[in-house]
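Construct all of the structure, not just a fragment, from the sequences and the given hints.
Residue numbers (full-length UniProt numbering), protein chains in the order written: chain A, 1 to 573; chain B, 1 to 573.
Derived by calculation from the structure, the hints in this document are not laboratory data. Heads up, a few of these hints could be off.
Intra- or inter-copy, both count: the list cannot distinguish identical chains.
Claimed, not checked - Calculated lysine-lysine pairs in the DSSO-like style (CA-CA distance at most 27 Å, straight line):
{"hint": "1", "residue 1": "432", "residue 2": "568"}
{"hint": "2", "residue 1": "131", "residue 2": "175"}
{"hint": "3", "residue 1": "131", "residue 2": "260"}
{"hint": "4", "residue 1": "568", "residue 2": "423"}
{"hint": "5", "residue 1": "105", "residue 2": "530"}
{"hint": "6", "residue 1": "466", "residue 2": "432"}
2 protein chains.
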Amino acid sequence: MYQCSETNKTRETFCDIYFEMSLKKILLGTVFLRNRYIGLSSVSTITDKKYRFDESEGFLFRTKGKILTAAVFSSVLIGAAVNEQIKDKNVKSQSNDVVIEAGEKLPDLPTYTAEEVSKHGDKNSFWVTYKHGVYDVTKFLPSHPGGEQIMNAGGLSIEPFWNVYGMHKTPEIYKLLESYRIGNLHDDDVIDHSDDELWVKEPVRDNRLIVKTAKPFNAEIPAKYQIEFFDTPNELFYVRQHMPVPELDADDHRLKVTVKGSKIRTEEFSLRDLDKFRRVTTRAALMCAGNRRSEMNEVKPVKGIGWMGGAISNAVWGGVYLRDVLLYSGVDPEDTKGKHVIFTGADIDATGVNFSTSIPLDMAMNPSSGILLATTMNGHPLPPDHGRPLRAVVPGAPAVRSVKWLQSITVSEDESPSHWHQKDYRAFNPSKTWETADFATAPPVYSLPVTSAICDPADGDVVSVKNGAVQVRGYAYSGGGAKIVRVDVSADGGRSWWEARELQADAAPPQQHYGWTLWTASVPVATQQKEVELWAKATDSNFNTQPERFNDIWNIRGILSNAYHRIKIKLVH
Amino acid sequence: MYQCSETNKTRETFCDIYFEMSLKKILLGTVFLRNRYIGLSSVSTITDKKYRFDESEGFLFRTKGKILTAAVFSSVLIGAAVNEQIKDKNVKSQSNDVVIEAGEKLPDLPTYTAEEVSKHGDKNSFWVTYKHGVYDVTKFLPSHPGGEQIMNAGGLSIEPFWNVYGMHKTPEIYKLLESYRIGNLHDDDVIDHSDDELWVKEPVRDNRLIVKTAKPFNAEIPAKYQIEFFDTPNELFYVRQHMPVPELDADDHRLKVTVKGSKIRTEEFSLRDLDKFRRVTTRAALMCAGNRRSEMNEVKPVKGIGWMGGAISNAVWGGVYLRDVLLYSGVDPEDTKGKHVIFTGADIDATGVNFSTSIPLDMAMNPSSGILLATTMNGHPLPPDHGRPLRAVVPGAPAVRSVKWLQSITVSEDESPSHWHQKDYRAFNPSKTWETADFATAPPVYSLPVTSAICDPADGDVVSVKNGAVQVRGYAYSGGGAKIVRVDVSADGGRSWWEARELQADAAPPQQHYGWTLWTASVPVATQQKEVELWAKATDSNFNTQPERFNDIWNIRGILSNAYHRIKIKLVH
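Spelled out as structure tokens, the structure:
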């Protein structure tokens, strides 16, 4: 047991353990390394009013200069499954100030050697160790949403994996683990694990951001800043990382473009080489597919960062059209059907795999899709957190497709094979569970539905009524180039709707409206009302509207969470 | 009073009055004619289970060879307003078999001459006549949704107008009119009005269509045929007319294309001339913006044809790209912003104005929008009801933009000035009334939201449960090129959702998916259930979904009626 300084509302809280793991121990499992293993320090989570623990989606570990081969875990899945177990068992969360860790040496329990533990690594008998503890988690296996992936830890210490998927390190999960305790690990086999070297080069961030996870860094923009600026200042733009931020040199950076056809053709571009293409700018909001997940989570727990409404920001991106680069690189615009453009970033996961996802080639080659290879953001070079020196910007799509630190583009018959592409950012109906959801047949999300949020007032605010009305401000956005044509607000449960009179938006051709819309509505309230619930809903140029409730759009991953935004405020007349 | 043979479920039922109106009488109002006036016979309405009277949206009158200049009325608006009046007054509908007409000569009422009546034509005192009746409808004026347009009938007989907007001719409206009765018109001034010449050249229609209004002809395809054919046979394709069908000769037909720029350039094309452009086909569903209006109408009455789910069909259209023709005709593809393409058809309204609407030039010039000038439908020349010999096909847009009997295209700085474009096919929030809705600031609908309908079983059906489940089939569709990615059905009020396993759809590039999707779902039901309510909802590739209820998308015009489709069925186990 050790103490961890976790302060509510502070943004970086680490409980780091440093360890060196012998090659012999590592070889017991599927984790191989040639040199020295440095685990990921625990991922801190910040508690705030709306925030739930089931957060960090990033993971990695790596050696000094060498890459480990290890199982790819979806940290989110694990965290969430464990959360559900906790719920089932009615385990109450302890204080956030003191982290009681699992794995203390306990008296009156049998002692097992690592070798004995290693014999229990299949579904019939599945043991793991954590520090001094030995655990039989066989019965937990079916509840592990990562499914087969947990099998990589069979008969091994789970600490290397938990260093990677640091959000396991909470009192709740330690407690759950202890409920499976069967013994102590032999003292000779207990190893210290930790790592903090991976994060030393992280950029300095603006302290106004609301941090959801520190490692990897995921932070939302406070609502009040969303509506203060039509183009979000770079330092306030929400940040979504899966891994540590790679440090890239703009002068040395190269973009490799490979076009797989009857023959394979590869071009390589420095940033200066890209200047041969016409330079353009596109105003586009980027939104995480999980924006507003915290509201869906209130219906029933979902897996993912507990974003409130701050996982969307708006910017003017400068660069060159992806289409132009692809044409130059040999893509036949008449031979696009069923092909894909795979973007690969320089950020690396625990298994040595670079972050990657893809979009359909048809989408990339459509002149009106406005997809950029961007080097600037609001007129400045991309900040490190937003992909310096080069990123894709895929307007209208979930931000995950706008791959940062872009180092290669591959035109292929196949979608990206990556975990992020294949096992994430897909949606299911509310009845699908982690057991029944088939990611292989669910289409990837390439465009986002219409959404909106009230940014001012905030939930719980006390608001002065002026001239019998309250002023309500917020943002609205729709993917796929759809324009926001109307925002309506109700203060009486939908009996009456008040159209936002001011819609601030970029002029853009039909179906090429990639920026967000800021809006202001004046909503009358009765003098006797002391409290009202405000509902906001947007309508886009396809005349799609937001669903009324989250119930029927609920999905295991908590994405596409676009039901009406509802807040309660108190009124002062 | 006269009798009218109106048979339930028969498709053509007319109550025609033929009359000749003297020039002198006509000149009292704003209706001028040089020759002979032929009014439109009354529009029959068909009563079926879901059908409500507030239907026909078409109107016209014309002379033999000459066009009348008259006020443009929105027949729907009038009809609906009157309907609301009726509701207010709790006037009950009488039998459909006998139409009791207004305007009988009544004893004990003062007699007025036409000249005296003509002095009451302004808002302070607004009289009209109908046969022998004189009516002071001043107090009705504010309730007339057509607003100012009613003023054209001030001090005149309303019969010519009602001949045009034939849906006024119902017992309910006659009764309402009689409630404003103040006197009898002098016998010398009573004129007989009628017309049926306009409709003699209407095409022969398939008697499987469900006729909503006979004149103009509006008819939906029965649900069972929607799912029987992926491409709807031409004769079963739903029909939506605003006016009588023009009879055009393919050999003589000319398309005039005018491009207004720094100078005005006009091209004229015969159908053979269009062959110089590459011929293409596009599979596209066309859907009336008012499809499924009857369901929205159940929340609160709306104005428009009471379409059930049959105002959508699917076809393969053959022709040339509008874009190619516009480029040939001098449109600068770099100078499209804010401009419009006005389509004008050969069908003519009461005022001598051709049917017309417009789309943004950006939309027309976008290569992926797939807009056609079509001459064929499922491999056959366009049938007269579908625009023979030439029509626009604007995939993904409300079908109204796919102008039939296309005779001119104008590229202009302005949208179409027509009534249909300016005063219709625009949407408002549920709190907007005909008094408060501002058509000038509401954007035209150029793309349709995601929708679906259960076609089999039908509401009220008795269904055999097989293997514990019921088979449910239907269609789904989304505008703007969005693909249907999922259809979910619930048989327990949304507690569980069953994904349709079979989605029949055309392969198409992303955001260019213009055909509809037919689907089949197997929905388990409990053995004790004798009756279930089925809900269907579709999700499109932008991951927009249908709204749960109609309440919050309700709009005065009853368009974009895309909430969950719900039917009740009885089960036999």
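### Message
At most 27 Å between alpha carbons: which applies to residue 568 and residue 423, within, between, both or neither?
### Response
neither (36 Å within a copy, 38 Å between copies)
### Task
If the cutoff is 27 Å on CA atoms, where do residue 131 and residue 260 land: within, between, both or neither? Let me know, please.
Neither way: residue 131 and residue 260 sit 48 Å apart in one copy and 79 Å across, limit 27 Å.
### Within, between, both or neither, where residue 105 and residue 530 count as close if Cα-Cα is 27 Å or less
neither (56 Å within a copy, 61 Å between copies)
### Query
How do residue 131 and residue 175 come out at 27 Å by Cα distance, when the copy is not named: within, between, both, or neither?
within (14 Å within a copy, 89 Å between copies)
### Task
At 27 Å max between alpha carbons, let me know whether residue 466 reaches residue 432 within a copy, between copies, both or neither.
between (47 Å within a copy, 23 Å between copies)
### Message
When Cα atoms must be at most 27 Å apart, do residue 432 and residue 568 count as within-copy, between-copy, both, or neither?
### Response
Classified as between; 25 Å across copies, 31 Å inside a copy.
The earlier numbered hints that this structure contradicts are 3, 4, 5.
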